[in-house]
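Visitor: One-letter residues, chain by chain:
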Amino acid sequence: MKYTAIIDGERLEIELVRVERDVIQAEIAGEKYVLDVQAVEPGVYWFRWKDRSVEISVTPNTDTYVVSINGQRIDVEIIDARGALRKAGQQGHAGTVELRAPMPGKVVKVLVSEGAAVDMNQGLLVIEAMKMQNEIKSPKKGTVRKLGVKETAAVNAGDLLAIVE
Amino acid sequence: MKYTAIIDGERLEIELVRVERDVIQAEIAGEKYVLDVQAVEPGVYWFRWKDRSVEISVTPNTDTYVVSINGQRIDVEIIDARGALRKAGQQGHAGTVELRAPMPGKVVKVLVSEGAAVDMNQGLLVIEAMKMQNEIKSPKKGTVRKLGVKETAAVNAGDLLAIVE
Amino acid sequence: MFKKILIANRGEIAVRLIRACRELGIPTAAVYSEADRGALHVRMADEAYAIGPAPSRESYLVIERIIDAALRSHADAIHPGYGFLAENASFAKACDDAAITFIGPSAASIALMGSKIQARRAVAKYGVESVPGTVDPIRSDEEARTIAASIGYPIMLKASGGGGGKGLRLVAGEQELESALRNTRSEALSAFGDDAIYIEKFVEKPRHVEIQVLADRHGNAIHVGERECTIQRRHQKVIEECPSPIVDPDLRGRMGEAALKVVQAANYYNAGTVEFLVDARRRFYFLEMNTRLQVEHPVTEMVTGLDLVKLQIAIARGDKLPLKQTEVVMRGAAMECRIYAEDPDNKFFPSPGKIVRLRTPSGPGVRDDSGVYEGWTVPIDYDPLISKLVTWGSSRAESMARMQRALREYQIDGIKSNIGFFREILRHPDFQKGDFDTGFIDRFIGSVYDQPAHKRTLQQGDRTLAAIAAAVFHSERPVPAAEAEKHSDMFWKLDARRRGLRSS
Amino acid sequence: MFKKILIANRGEIAVRLIRACRELGIPTAAVYSEADRGALHVRMADEAYAIGPAPSRESYLVIERIIDAALRSHADAIHPGYGFLAENASFAKACDDAAITFIGPSAASIALMGSKIQARRAVAKYGVESVPGTVDPIRSDEEARTIAASIGYPIMLKASGGGGGKGLRLVAGEQELESALRNTRSEALSAFGDDAIYIEKFVEKPRHVEIQVLADRHGNAIHVGERECTIQRRHQKVIEECPSPIVDPDLRGRMGEAALKVVQAANYYNAGTVEFLVDARRRFYFLEMNTRLQVEHPVTEMVTGLDLVKLQIAIARGDKLPLKQTEVVMRGAAMECRIYAEDPDNKFFPSPGKIVRLRTPSGPGVRDDSGVYEGWTVPIDYDPLISKLVTWGSSRAESMARMQRALREYQIDGIKSNIGFFREILRHPDFQKGDFDTGFIDRFIGSVYDQPAHKRTLQQGDRTLAAIAAAVFHSERPVPAAEAEKHSDMFWKLDARRRGLRSS
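Chains A, B, C and D, in that order, give the protein sequences.
For the first sequence, position 67 (counting from the first letter as 1) is numbered 67 according to the working numbering, and the numbering increases by one without interruption.
For the second sequence, position 93 (counting from the first letter as 1) is numbered 93 according to the working numbering, and the numbering increases by one without interruption.
For the third sequence, position 418 (counting from the first letter as 1) is numbered 418 according to the working numbering, and the numbering increases by one without interruption.
For the fourth sequence, position 18 (counting from the first letter as 1) is numbered 18 according to the working numbering, and the numbering increases by one without interruption.
No wet-lab data here; the hints were simulated from the structure.
Just so it is clear, the structure is predicted and the values come from calculations on it, not from any experiment.
There could be a bad hint or two in this list.
Stated by the list, open to error - Taking lysine-lysine pairs in the DSS-like style, the calculated list, with each CA pair at most 25 Å apart, reads:
#, chain 1, residue 1, chain 2, residue 2
1, D, Lys166, B, Lys140
2, C, Lys3, B, Lys50
3, C, Lys3, A, Lys106
4, A, Lys109, C, Lys347
5, C, Lys166, A, Lys106
6, C, Lys3, A, Lys140
7, C, Lys3, A, Lys150
With these hints in hand, go ahead and build the complete structure from the sequences.
Guide: Listed below in structure tokens is the structure:
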């Protein structure tokens, strides 16, 4: 099977072949990686690659996989032959940015209205969670195309807050 | 739903009714138990009963459920309306006892043959596991009706070793 | 001995208290809000009482509900933990009125030390020096300007009823004073219901060092070493140590003496903490006294071998202190990292949610005081502290190496945490040398951590392996039934047996 | 500092060693048999090398395979742990030949102390007394009879090449001697490939107390306290303590002196353990020296604050001991329970299999040195030790209370374990008083635990709750698709939402 992985904006084309029961071969950019693999726990893989012992956990998030390796975390998108099944939601159309709630919480204040012109880093709204108020700022100069929430609304992580274009 | 639970040979008739989302009522021998219940982990229930906080884990075994409560363990069989779905395998027909392997291992020696008369506590066969040899003894005086294994055979926990009647 | 203790708290500290009670053979009663049904402290207690909806002002902060649960459970003592009602004099009094022992000091001690102004006045009588500044609330902007000028800028504005890092503001010069006064007052009013504020000299390169004290109801009191609490983010402690890298036996002795004078001034019994600010020349100033168990008490326990919770219980039932000052022996060094459900890469936003995978470290010198479990949903309603990871070593270097090792073993998935952030802090040369002040972390975040140049990314080999792992996981994910047919041509189908094993 | 250390072991001790290396910043290479693919020690190491099939004689015991893995990994040192090749002089020599540092003593020390007869002869020259008996193997039944008569019954027959509780037999009187000689010889031959046996006086009410020593390559040696190892089942230690309830400073000093003479006699460097038998009058006799890290080393670590593994590594690279005898300070008391995959209710049969649920204790004073994880299948091929649960307290009573608390928190499902058995032992008044000898557990099992009258069953209330929980679980279990229709009339169907949550 062929997959496309996107990490930090970089695209990696991966071809996976199962060589033996516990051995897979991954071909990336013409290079072949032969790995011992064992699913030691649900979502946790142990890889042996060139005698290195590496443990990697994979947790599905809303739009990506959160991959943890050596205590470091990174978001990985995977696109397979059947199309984009796991794509980052943050990437909008050209020049458009979707802002999503970074955590569940309550909208305590909406600072702008739809159609407003905003500067980069201008506060758009304030969310309260765990007794902390957190201001959501505009990542770019532009126009508020849409507001996804109203004051006093409860939001979940990943809910659309606003679209700036 | 009605269930029959068998613990230590004692039969308990249980009628379970869900009263609210997280409250069940169990009627046993005319007595009603109203319990807050929460499945806190897979197979682990937290019960609140008359202000007592009790945590109980349930693990399916070959023929019974192993129930752990306050650090103590007990085997529970459950029979539901559709028949005996979980019955102990150790209970044979009248006067007949099935001996099953208590652990995975290797049969290193069979000490009797089918049809042999045996005394109570007479050794029937020897299983080796984790470098220890363990002699399986007859729980009663009787006749070896059947031997389920041969020397050098590998056995899994619960495999039939012999039937003594 | 108490017959039953009601634990008037939640999270890791409630679990800590239940463990102490269990070791003493005392049954426990937990209380829980609707958000905490099935919380670890509820699971572990012997009894459990519902006390209302999720918001703490409708549950954990409602004195009558706590007292009512205690009466229903026939508990003869209440341990308040920290936070919530732990420093509420009315609660201590309500316990007295209900003939239930409050495991803490007298209501009078709480009230006295709860007012910073009264507390400073009281300790001054015993010769304990506070940071130069006002003691009374300032009455006007004009007065503030005069006082600030006489002390000299920079100054700090502080809420009289404040604590926990809230209601504080640094003022660099007179031009900032007016707006700072306005903002601090309004913050104080909304946070503490009281807009009284006072002025303090700002101590440059300050370190925050506190002394743990123990005092019984018979007039005996000892100090049991200091804690270094300088590593703070926005005035909230995140790493604590015992001993402090800058405290030698002489300074420890002098600070301990001062702390015992504060105990006298407060007529105090219970475990307690006297907080000091230490300047670059190692002069120390009284800040405040916390009249309760401290979050960071485990580092003292690891180094002194004492169990502070058990000692609180013993003091509350009227025992004399079981040891003298000369019997306090400190050994090695301990360190605590407060593991929070928060996202260091996104301004430390709280990250509540379901913990889908939890692997906690263990082995030599590691203690994990956790309040959560795999499968638990960290609620949105409370402080995001999920665990305190504590290590001990024969030296500060060994304790630090163990902390690095333990942080590497610690795995929390499903929510974000500050574990990776701690690993970076512990690698910082100034931290390793013990050379820091209270602004260390905020400077590190501003100048290094949050800079685009400091992009935390993986080496090429690890990136490739991460991509492969995600692709393998993706290929193994459950597929909707309708797609199963199409799916059957995938190379993975051979692996049905293995999948069966994994899902068992 | 070593560049890389190969861990020539598996299970909990391999994990323990990897943790020490990680704290020292030394990369590790694990080895694993086919049964240990995905074992915890393999997951935690930096590198991993397959060394053969599951049986240890084809993998962990094959010297060439271990050396080969070390050479491939470019490791410059090997730590053998305990068991397997840890006390194999040929292995130590093979390391030397390959220019790899063996983290242990010299091959000569191993060989000398590995033969009980030679060891006793060597220590006798230094004035260390052994249990009265023969030193040389007995040559004939007739000689045995004469010696036994001169020492006086009861006597012990012991295999010269034995250890670990195998090849031992108690002989109460002359009438039992002949068959005992025959059986012990044949057991010795099959277990150790050598039928040499010797005779020893049987010490009545014996306690097993051992001294931990540390010796460097520069002639410095210290003793760092004793361990009480009297609690044994069939000559296998199951609970160990530090300090011993019967050892006072005077006896500790004298036993420590004797242990250091043994170090001299063996020309020993490395950490090591000198085992003594102590009789009812507190006379002590040399038994043997273990020339390796001991399973129960953590109790010494908890009480002395030393990290014995790191000290082994320091000694191996030629460091001098970092502390003097007078700097050894013992504080409080520690206890270890060896958690085995075995079934105490069925003659302690091993219980390998898949661990479906694992919750390990933590909090104050608790250390869990585990070699397993949830989802791991404990293999049939090795010792069933899955974890060492260790507690520390300021007193033996506190350490014991913490152990009870920790045992209650410990949950292992899917396999059977001896956790419940330990809870019973710790409740026994004689154990609580510290009043026991090496026969304590076997007597307890025979006279109490295995008796029908001692039926471990639940109180009525708990039985009812257990039945309800099983019924609830049963009602929630997955039902085959064909039955789903019929199933839809069950009361549980309302609960689809909840089930969805649970399975996520």
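Visitor: Would you mind confirming whether the straight-line C-alpha gap from Lys3 of chain C to Lys50 of chain B stays at or under 25 Å?
Guide: 18 Å, holds
Visitor: Could you grab the alpha-carbon distance between Lys3 of chain C and Lys150 of chain A and see if it respects the 25 Å cut-off?
Guide: 51 Å, violated
Visitor: Is the Cα-Cα distance between Lys166 of chain C and Lys106 of chain A 25 Å or less?
Guide: Since the Cα atoms of Lys166 of chain C and Lys106 of chain A sit roughly 21 Å apart, the hinted pair holds (cutoff 25 Å).
Visitor: Are the Cα positions of Lys3 of chain C and Lys140 of chain A separated by 25 Å at most?
Guide: 62 Å, violated
Visitor: Hey, Lys166 of chain D versus Lys140 of chain B, does the alpha-carbon distance stay inside 25 Å?
Guide: 31 Å, violated
Visitor: Run the distance test for Lys3 of chain C versus Lys106 of chain A: straight-line Cα separation, threshold 25 Å.
Guide: 42 Å, violated
Visitor: With a cut-off of 25 Å on the C-alpha distance, tell me whether Lys109 of chain A and Lys347 of chain C pass.
Guide: 19 Å, holds
Violation of the numbered hints given earlier is confined to hints 1, 3, 6 and 7; the remaining hints are satisfied by the structure.
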